[in-house]
Every structure is written in structure tokens, then in C-alpha cells.
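Chain D is already provided as a structure; the job is to place chain E on it using the hints.
Protein chains in written order, with the working numbering: chain D, 10 to 214; chain E, 10 to 214.
Everything labelled a hint here was simulated from the structure, so no lab data went into it. One or more hints might be untrue.
Since the list gives no way to pick out one identical chain from another, each pair is judged satisfied if it fits inside one copy or across any two copies.
As the list claims (entries may be wrong) - Subject to a maximum C-alpha distance of 27 angstroms in a straight line, what follows is the list of computed DSSO-like cross-link-like pairs (lysine-lysine): (1) Lys-100 - Lys-57; (2) Lys-175 - Lys-211; (3) Lys-103 - Lys-189; (4) Lys-14 - Lys-72; (5) Lys-132 - Lys-72; (6) Lys-211 - Lys-72; (7) Lys-132 - Lys-109; (8) Lys-211 - Lys-182; (9) Lys-73 - Lys-14; (10) Lys-206 - Lys-132; (11) Lys-132 - Lys-182; (12) Lys-100 - Lys-58; (13) Lys-103 - Lys-113; (14) Lys-83 - Lys-14; (15) Lys-103 - Lys-14; (16) Lys-121 - Lys-211; (17) Lys-211 - Lys-132; (18) Lys-206 - Lys-175; (19) Lys-57 - Lys-132; (20) Lys-175 - Lys-204.
Being a predicted model, the structure only gives us computed values, none of them experimental.
There are 2 protein chains.
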Amino acid sequence: MLIDKSVSQFLDATASNDPVPGGGSIAASSGATAAALVEMVANLTIGKKKYEDVNDEMKEISKKANDLRQQLLKYIDIDSEAFNRVMNAYKLPKDTEEQKIVRKMTIQNAMKYAASVPLEVAKKSYDIMELSMRVVESGNRNAVTDGAVSAMMARTAVLSAIYNVKINLSSIKDNIYVEKVDSEVSWLEMNATNKEKEILGKIEL
Amino acid sequence: MLIDKSVSQFLDATASNDPVPGGGSIAASSGATAAALVEMVANLTIGKKKYEDVNDEMKEISKKANDLRQQLLKYIDIDSEAFNRVMNAYKLPKDTEEQKIVRKMTIQNAMKYAASVPLEVAKKSYDIMELSMRVVESGNRNAVTDGAVSAMMARTAVLSAIYNVKINLSSIKDNIYVEKVDSEVSWLEMNATNKEKEILGKIEL
Chain D
10 MLIDKSVSQF LDATASNDPV PGGGSIAASS GATAAALVEM VANLTIGKKK YEDVNDEMKE
70 ISKKANDLRQ QLLKYIDIDS EAFNRVMNAY KLPKDTEEQK IVRKMTIQNA MKYAASVPLE
130 VAKKSYDIME LSMRVVESGN RNAVTDGAVS AMMARTAVLS AIYNVKINLS SIKDNIYVEK
190 VDSEVSWLEM NATNKEKEIL GKIEL
Chain E
10 MLIDKSVSQF LDATASNDPV PGGGSIAASS GATAAALVEM VANLTIGKKK YEDVNDEMKE
70 ISKKANDLRQ QLLKYIDIDS EAFNRVMNAY KLPKDTEEQK IVRKMTIQNA MKYAASVPLE
130 VAKKSYDIME LSMRVVESGN RNAVTDGAVS AMMARTAVLS AIYNVKINLS SIKDNIYVEK
190 VDSEVSWLEM NATNKEKEIL GKIEL
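Bound-form chain D, shown alone:
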């Protein structure tokens, strides 16, 4: 599994001329990193007298962020698998009419799966931005910029994942599916961009 590789080996695998892990897995790892930073700020706030008013909320934020992190870590590998599934579908035989139909359907299903994976990554990474906002507003002042970094990592995760949704969407023939996903993607794109601006605007240095 990619997440069991060392940081340094994971980047070696990314840098190679193998297309996976690529932007999709990096989107997931960026989201997981954002979640870890939210947890850190929340954990540096919990149990401190000065912040006792938000103690319970910070415990909840830390738990939620941890949950999102574990999910996003899985998506680092899932995204690479989804890419390989599309590649394998293209390799199916196309000698007979029946084979052509099976191949076409398998490619379409693999494409939908490969679009749905980064869409989930984008949604979960956007959820982290809501938590980044709360730790920046109410978390330990000494770690406020770490909350801002989490917002930037999460925004990068959302927008990077969206690229990978769009790439797959452009080959999907099911128009109803495409329109539905397209509107979700536009919403996420706009809101992630605005939310990051809003969060960074709260940092005074």
C-alpha cells in the first residue's frame, strides 16, 4: 500500500514515469495532511484553561478530522486503483461485436468509478475546510497559522481532485450522470476557493 511507504519513497513513486500515484493520490494525501493539521490545532487547544469554553467542541473537531483523515488516507490507494481499472478496461479484447459492447460498457463503468473516487476526495476535503475555519477562529492562538495551512492544503486537495473528476467526466456518455456531477463539482470549486480566502483573511501577522 502507498501509505505504508516512507514519505521519501512515496514521493519517489510519484516522481517516476508511472502515471500513478499522480495528482489524484496527491489530492487525497493533501486532504489527509489538512485533516492532521486540524487535529493538531484542536489537540493543542484541548485541556488548556484559557480555551475551556471550546474544549468540548475541539474534542469533537479532533475526532471528526481524525475520521476524515483515515478515510482520505485510504483514497490515496483507491485513486491509483481506479486509474488502473480504466487502463485495464481499455486493454479488453475488441475482436467480436459482443466483445466491443462489453469493452465499451466496462470502460464506461470504470470511468464513472474513476470520477466518483476524486469526487469523494473533494467532498471530504471540503468538509475539512469547515473544521479549519473553527480551529482558526477558536483554537490555540499559538497554532493559528497551522489552521491556515490546513485550509490551503484542503483547498489544493479539493481543486486537484476536481481536475481528476473532470478528466474522467469528459469521456462519460451518461448525460444525466455528467450533469449531476458537474453541478456538484462547480459548487465545490467555488466554495473551496471562497472558504480558503475567508479563512486566510482571519490571519493577522
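Same frame as chain D, but now just chain E:
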């Protein structure tokens, strides 16, 4: 060393209530990730007939990006060490006048070092953006969005590192040093933001 930890363990360490690794180390890892993605796009371009015009340039880009990645990987650990150096300086005894002076000077030096480390991370990450631009413009079309993701990771690295420069700068009494670094930081901040916009503007999906 942090970079020998698995991806998953590195994020566990980030999430903990230990202030390091924090935003500073994450800035360096984000920059290293950006470099790895540039290398991937360049490596997916090298040796392809369709891109033979840029073959030599892509080889050079891959080499430069690899070099920056190795340097940035080291900064993941260096940043955490710099933070600890400041913390240790604060723990020095301050019972006598002499001790007070020594402590003050040691803190100031540690602060300068802790500002210089993320400043290097910001500069190197900005250098990656120049390479992201080139792979997006002239690299393998199938990996163009990976080049865009590298630009976003690099921009996040620059801006995150800058937060850590500014935090340390606010406690440094040497005004000439502060002004010099401040103007470098302003330049990097503006240019990283603009460069990212320019690169993302080149992606059509």
C-alpha cells in the same frame, strides 16, 4: 528522521499535540510533493516522439525538480529542529545578568535561524512553480493537470512557509534583518499567488 516514517505515521506525528511537525514541516513536504509531480510530468514526456522538441528541456526540468525535492525533503526535519532550537533557548537559565544576556542573544539567533529555514523553503518552492509552468505549457498533454496540481502544492508550500517566517520575524529585534526578509517575503507572496493563477489559467477541461 521524519521522512523515513511512513506517510501514515508522519501524519500521526503531525496530528499529535506536539507542535512539531507542524505547518513549517508540512510546507516543506508540500514543496517536495510539488517537485515530485513536476518530475513525473517531465518523465512522462521524455522519450516520446510527439514531444521530441522539448526532450532535452524536460530532462533538465526533471533533474532540477529532483534536486529541489531532495533539498526540500531535508527541510521537513530541519524545520522541526529549528523550532526546537527556539524552545530550548527559552529554557536557558536567567538568574544572573550575564545569563540573561546570553539567553537573550541565544533566543535571537535561534529566531533568525527559525526564520531563515522557512524562507529557504519558500524560495525553493517558488522555483518549482517556474518548472510547473514549463511542464504545463510543453509537457505530456495527458498529465497536464498533474502539472497544475504541482503548482497548487508549491503555492501552498510558499505561503505556508511564509507564515512561519513571519511568526519568527515578529520577535526579532535586528531591524535591518527584519526589513530585508520582509521585502523578500512580500515578493514571494505576491509572485507565488500570481504564478499559480497564471498556471491554472492554462488548464482547459
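So, going through the hints one by one against the coordinates:
no.	hint	verdict
1	Lys-100 - Lys-57	between (58 angstroms within a copy, 21 angstroms between copies)
2	Lys-175 - Lys-211	between (32 angstroms within a copy, 15 angstroms between copies)
3	Lys-103 - Lys-189	neither (31 angstroms within a copy, 65 angstroms between copies)
4	Lys-14 - Lys-72	both (25 angstroms within a copy, 23 angstroms between copies)
5	Lys-132 - Lys-72	within (18 angstroms within a copy, 35 angstroms between copies)
6	Lys-211 - Lys-72	within (24 angstroms within a copy, 39 angstroms between copies)
7	Lys-132 - Lys-109	neither (35 angstroms within a copy, 52 angstroms between copies)
8	Lys-211 - Lys-182	between (43 angstroms within a copy, 26 angstroms between copies)
9	Lys-73 - Lys-14	both (25 angstroms within a copy, 24 angstroms between copies)
10	Lys-206 - Lys-132	both (18 angstroms within a copy, 23 angstroms between copies)
11	Lys-132 - Lys-182	within (23 angstroms within a copy, 45 angstroms between copies)
12	Lys-100 - Lys-58	between (61 angstroms within a copy, 22 angstroms between copies)
13	Lys-103 - Lys-113	within (9 angstroms within a copy, 76 angstroms between copies)
14	Lys-83 - Lys-14	both (13 angstroms within a copy, 17 angstroms between copies)
15	Lys-103 - Lys-14	neither (37 angstroms within a copy, 45 angstroms between copies)
16	Lys-121 - Lys-211	between (38 angstroms within a copy, 26 angstroms between copies)
17	Lys-211 - Lys-132	both (23 angstroms within a copy, 25 angstroms between copies)
18	Lys-206 - Lys-175	both (24 angstroms within a copy, 19 angstroms between copies)
19	Lys-57 - Lys-132	neither (32 angstroms within a copy, 36 angstroms between copies)
20	Lys-175 - Lys-204	both (21 angstroms within a copy, 23 angstroms between copies)
Of the numbered hints listed earlier, those contradicted by the structure are 3, 7, 15 and 19.
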